[in-house]
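Q: Listed below, chain by chain, are the residues.
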Amino acid sequence: MLSYLIAILIVTGIYALLTQALNFHYGFMGLINFGHVGFFAIGAYTSALLTLSGHSIALGFVAAIVLAALSACPLGLLALRLREDYLAIVTLGFAEIVRVVIVSEDWLTRGTQGLANVPRPFASLGASGQEIAYLGLVVACNVLAAALIARLAYSPFGRLIEAIRDDETAISTLGKYPAGAKLRVFMVGAGIAGLAGALYAHYITYVVPDQFVPLVTFYVWMAMILGGVGSLPGSFIGAAILVALLEGTRFIRDLLPGVMEIQMASVRIFLIGVGLVLFVLLRPQGVMGLRVRT
Amino acid sequence: MNGSLFYLNLVMNGLVQGLVIGLAALALTLVFAVARFPNAATGDLMTVGAYAGIGVQALNVRSVIVQGAAAILACSVLAIGQYWFVLRYLRGRGLVSLLLASIGLALATRGALSFFVGQDQYLFNTPIMRPYVIAGLRVQVVDLWLAVASLVCVTATFAMLFLTPVGRRMRAIADNAELARASGIRMQRVMIPLWAAVGAICGVAGMILGIKTVVLPEAGWHILLPAFAAMVLGGLGNPIGAVVAGILLGVVQELSTPFVGFTYKIALSFIVLAVILTVRPQGLFGSAEVVR
Amino acid sequence: MTLLRLTNVEAGYGDVNIVSGIDLDVSDDEIVTVAGTNGAGKSTIVKATMGLTPRCAGTMTFGGVDLRRRPAEDRIRLGLGYVPQIANVFMTLTILENLKVVECVSDFTARCAEMFDLFPILATRRHAKASALSGGERQQLAIARALMPRPKLIALDEPTAALSPALVAQVFDIITQLPKMGVAVLIVEQRARQSLAISDRGYILDSGRIVMNGKASDLLADARMAELYLGREDEPSVDTGTP
Amino acid sequence: MILNRRTLLKTAAVAGAMPALMRTQGAGAAEPFRVGALNPVTGAGSPYGSSMQKAILFAVKEINAAGGAGGQTLEVVAEDDQTSPEPAVLAAKKLVEVNKVRAVLGTWASGVALAVSPIFDAAGIIHTTVAGTSGLAAVNKKGFAFRFAGTSEGIGRSLADGALEEGFKRASIMAFNNASGREMLQGAKSVLQKAGREIVAEVIYEPNQPSYRSEIQAALAKQPEVLIMGSFLPDLTIILREVLQSGADVKFVVPAWAVTPKSIEALGAATDGVLLADYESALGSDAYASFKQRFKTDSGIDISGNHYASCAYDMAMTLALGMEAAGAGADNAAIVKAMHQISGPPGKAVSSFATGKELIKSGQKINYEGASGPLDFDDGGNAKPIYKLMIVKDGKINQHRILKL
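Note that the protein sequences, when read in sequence, are chains H, B, E and L.
The opening residue of the first sequence carries number 1 in our numbering; numbering runs sequentially from there.
The opening residue of the second sequence carries number 1 in our numbering; numbering runs sequentially from there.
The opening residue of the third sequence carries number 1 in our numbering; numbering runs sequentially from there.
The opening residue of the fourth sequence carries number 1 in our numbering; numbering runs sequentially from there.
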């Protein structure tokens, strides 16, 4: 039971990291990023490939962050020119391009075969020690990311971001450069998503392009909306509710004799959809949200 | 097969693919024009249409017309329902709220559908007919019919938009929602016909997709991304643009396959999109006006 | 008889009030100008009257009917017409369609003919897209569109913004005709001097509040007023197009 | 309790979150042997997954009706792996940690099998799969994993062998772009190359396309006589229809799982002559016919074309017979050893649990011949690959020949 709980917590932590990053993009800056899973995939594959070719896990993590952040650069530049509705779909496309590149370049990524046996850190601690240590690592990454985001958000840079979000034209006339700020926010958020990817790869130990579909992005959006747009604690609560929703249905089914998993799979999709609709309708500010910003 | 004929056949394949994408993009762009959001439920609406057709077939009705009518009816009712019970309340709440709500509607629709129909594939029992070979170019009978159906759909949409009072109101709302309200146009009276039309297009598109492929709960969802690309490329909210862009993307995608292979062709529509948006941020057929 | 009456109205977006404590009325056959500097909240008053601001409090009646119970799209049915400052026509519709799309027009053909009589330039280009019109023509179309359902009052939001001086005169000329047709006029203008010159009464708005009101001639004659709000007579007004 | 047990048997779904409660209720009777059914109910494997899960539940129902195995009844905790590693890992952890299962039956996708295998291996849990990936051997350290289907590579070789036996000289290969499809392509290629046959085109295609015409055009450009397809059901159905509609004169060799009577019926007479490669005794064997008929009566599901449902049924059967042979209270290592013994020669061939149980009780050796094939696992836990070729004729699937691979 403990090990299952830890597994759930680790997955929640990874989603929380993704949600924080998205919240930084959208909640703080108003950037509509529907390609989050792309950064996640880049992080996962970067770290998996490096460690599988014998490099240290630490290097894998750093490279995952850096590469994911760099990949946000061209996208960010394009984003500066585009209206928000275009951006939503361009980012969606970006993630799809990332996935297709991973599928196609099998000399590097082994394509649809996936990368198996991605090393787990803390192997010397034994099976349960390893899990607990990994949870510690996930928590540490979350705390660091939260600290970074909070620092950026409450710095002069953060106030600039708030100002940009509220009135872009006014800021440009004040002589600051929203373009640069936007780009930096985009890259920092992407880097955090890349870190989440690395954590994911080394936990699941197997990465394959099928894991990086748009649905993951939608899940993260759900978590953000559930927790509250623009709220850092909300990122954690949202991720927790999301995982509870995804995993909880397994237990609901266990308690309902006569309901088969086959039907439950449909019920699960249905409940997630209805939950999303109800939240948007009834509580757009999320559990922790203070301001309505949709 | 000689060289040029090979490419000509690829163009042909692209046209057929593009028609399917273009129809989905037409449904997307209609919603976008009037309600200002990318409707992620479009794909699953199409799926419902295909299953409605299958349902009629299961009653031993072989007429594709009757099946199609059932698909149109089912999709229209569902689309109006989605508007009436959910989307109506989100007016003015911005793109993200509406997009997320439509993703929720998409998942809920698929979940409810697969609960009842299961995960097994269904097939339309359309007879297999040999193609016409015109100067080496293979023209399939079924594709001709699909093209006709698409054309009827597009024509009907345009007739509605440009020849009827309700279409005029839709265009007015799409053009300037605030002025439309000040001109006394009641949203509800436009939105119900709009969603009925969106449903009808999705019904036809779903039937076409179902006849060309197999009917599975996730079938429509997979067409959504290329349709999004076509909608954006066509200039958001531009119906002609959406259909033309859909066909264009289909043709470019298939023509590219000898050079980039069959995997990259999936990403190609987005790469084309990114390149074109770098040059023309308002899309191929979008006007340069900046909304907002 | 008072047609439109606003009592202690406040309106705005989100948490922010743009205007507050507004008391304003317009009677039959009257031209009333609301003048004020850029950003004073002039447009917000008109939008609130039309039901187009997200938030609005206070009392608003039109012909004795409580406006706040009526959604924006129903106010036209009471006889309220509106010409916004920017985007005041449907650019992608033809001229004829711009007129046709307006609701509650009885006897469209006759009314349309009247409009074409009033604005001959529109008649010659009835099948052209509105986007093909010049600024002045567009303003005429906007007014024609607002007049279609025979409103009792039309509210014009800076009707002469971004027009050349010659066209400004032409537009004001059209406006002065309106009371003769039984239409009261509420104009929001930055060109306060010219606007007041054709008005019966005026209100001066500053930072979201009415600071002065009275007969237009009195306002024009007031020296303090002239210095603070009306600008020098020969000074061309600059408009950035933001509310 | 009896009533309760009966309800449980009927649904065969058990409140796994309340194992403690179940135990107290079951005081006096032996504790049930908990089994996980981890199948691809949604996602890419969904055309196969739900029938697999139902087949496992059906098998367990039969086993329990015969009085259980090794003195215990079986309880199934069913999960959806969503054909994706992450939900699969979480489901696997839940099955192991919360539900305390001792065996997990029925993973399908290679990615899923590779992701969950280390978890099961570490926990000493018996894992039966149909995943065709060759990577499975590396994670099967304890030897508790069984593969109830041929490797994808092996299926690929059988497809090519079928083409050779039929005397085709020029072949094109098309394959679905996933691990399985690619391995099938490699398998087919190796056989054709060894035989010195010409491969005129290799096409790897992406799933979920509205049309595969350009892919088909590329495969047919140099006029092959035969198309060897490393496909699954939905994509093959579309491709078959498009090729037949294009009027191209080409034959097909396809895996049997990618065709169903329904798809043959829908495509009509044009499917005549399509060759299917499959396990030697999967179709036409008594075990298969009997299972198919019983399952149809019980669940209303026609498993024709879903080879994996037969595999899933056999998984439960093999496990239960292994439990029976290992005796009451045996640990997993003993059960695994017994599973090897009861599924291969020597021994009396049986195809039903009740008969097998009787024979084991009377001290005889048995050889379970499954609905999916003879099984006969090798040391690595792989079912013995014997393939045969079938042919579609007048809308029916007929035996054609055994492949001597």
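Please note: incorrect hints may appear among the correct ones.
Stretch by stretch, here's where chain B covers chain H in the computed footprint (C-beta under 8 Å, at least three residues) [as the list claims (entries may be wrong)]:
#1 22-29
#2 75-89
#3 244-252
Derived DMTMM-like pairs (lysine to aspartate or glutamate); straight-line CA-CA distance at most 25 Å [said to hold, decoys possible]:
#4 L:100 with H:247
#5 L:262 with B:218
#6 E:100 with B:178
#7 L:189 with H:106
#8 L:189 with L:249
#9 L:393 with L:121
#10 L:100 with L:286
#11 L:396 with B:120
#12 L:169 with L:121
#13 L:251 with L:286
#14 L:337 with L:379
#15 L:262 with B:120
#16 E:215 with E:28
#17 E:152 with E:222
#18 E:215 with E:25
#19 L:296 with L:286
#20 E:152 with B:120
#21 L:348 with L:31
#22 E:129 with B:178
#23 L:292 with L:302
#24 L:189 with H:247
#25 L:61 with B:120
#26 L:296 with B:120
#27 L:292 with B:120
#28 L:169 with L:62
#29 L:141 with L:286
Taking CB as the label site, the calculated pair distances span [stated by the list, open to error]:
#30 B:186 with H:248: 26 to 32 Å
#31 E:164 with H:154: 37 to 43 Å
#32 B:186 with E:166: 55 to 61 Å
#33 E:124 with B:165: 22 to 28 Å
#34 E:78 with H:150: 51 to 57 Å
The hints are simulated quantities; they were obtained by calculation from the structure and are not laboratory data.
Built from N, CA and C at the ideal position, the CB exists for glycine as well.
Q: Now tell me if each hint is right for this structure.
A: Hint-by-hint comparison with the structure:
no. : hint                         : in the structure
1   : 22-29                        : violated (count 1)
2   : 75-89                        : holds (count 9)
3   : 244-252                      : violated (count 0)
4   : L:100 with H:247             : holds (17 Å)
5   : L:262 with B:218             : holds (20 Å)
6   : E:100 with B:178             : holds (17 Å)
7   : L:189 with H:106             : holds (18 Å)
8   : L:189 with L:249             : holds (22 Å)
9   : L:393 with L:121             : violated (45 Å)
10  : L:100 with L:286             : violated (35 Å)
11  : L:396 with B:120             : holds (20 Å)
12  : L:169 with L:121             : violated (45 Å)
13  : L:251 with L:286             : violated (30 Å)
14  : L:337 with L:379             : holds (10 Å)
15  : L:262 with B:120             : holds (11 Å)
16  : E:215 with E:28              : holds (15 Å)
17  : E:152 with E:222             : violated (31 Å)
18  : E:215 with E:25              : holds (13 Å)
19  : L:296 with L:286             : holds (15 Å)
20  : E:152 with B:120             : violated (64 Å)
21  : L:348 with L:31              : violated (30 Å)
22  : E:129 with B:178             : holds (19 Å)
23  : L:292 with L:302             : holds (7 Å)
24  : L:189 with H:247             : violated (42 Å)
25  : L:61 with B:120              : holds (23 Å)
26  : L:296 with B:120             : holds (15 Å)
27  : L:292 with B:120             : holds (17 Å)
28  : L:169 with L:62              : violated (48 Å)
29  : L:141 with L:286             : violated (35 Å)
30  : B:186 with H:248: 26 to 32 Å : violated (43 Å)
31  : E:164 with H:154: 37 to 43 Å : violated (50 Å)
32  : B:186 with E:166: 55 to 61 Å : violated (39 Å)
33  : E:124 with B:165: 22 to 28 Å : holds (25 Å)
34  : E:78 with H:150: 51 to 57 Å  : holds (52 Å)
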